[in-house]
Amino acid sequence: MEKIIGIVAESGVSVFAGVFLIGAVTAVLGPAVQTALQTMITTITNKAVSVS
0 MEKIIGIVAE
10 SGVSVFAGVF
20 LIGAVTAVLG
30 PAVQTALQTM
40 ITTITNKAVS
50 VS
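So the sequence shown is numbered by numbering that gives the first Met the number 0: it starts at 0 and just counts up by one.
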């Protein structure tokens, strides 16, 4: 149980960091990069969810 909570907590932190990164990168580079980043983060998040 603790292991699952740990995984979820880590995923939450990385998702938050990812969202922050998307905001920062979009401000600099624009929508095309944002789309690519969102796709990547969604994939990572889905893997993290399916593991737990």
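Rather than coming from a laboratory, the hints here were simulated on the basis of the structure. Computed from a predicted model, the values in this text were never measured in an experiment. We put the beta carbon where it would ideally sit given N, CA and C, even for glycine. Any given hint might turn out to be false.
As the list claims (entries may be wrong) - Computed spacing ranges between beta-carbons, pair by pair:
hint	residue 1	residue 2	range
1	P30	E1	39 to 49 Å
2	G5	G29	28 to 38 Å
3	N45	K2	38 to 48 Å
4	T38	G5	38 to 48 Å
Taking the hints in turn, this is what the structure says about them:
Roughly 40 Å separates the CB atoms of P30 and E1, a value that falls within the hinted 39 to 49 Å. For G5 and G29, the hinted distance range of 28 to 38 Å is satisfied, since their beta carbons lie about 36 Å from each other. At roughly 19 Å, the beta carbons of N45 and K2 sit outside the given window of 38 to 48 Å. Checked against the given bound of 38 to 48 Å, the beta carbons of T38 and G5, roughly 26 Å apart, lie outside it.
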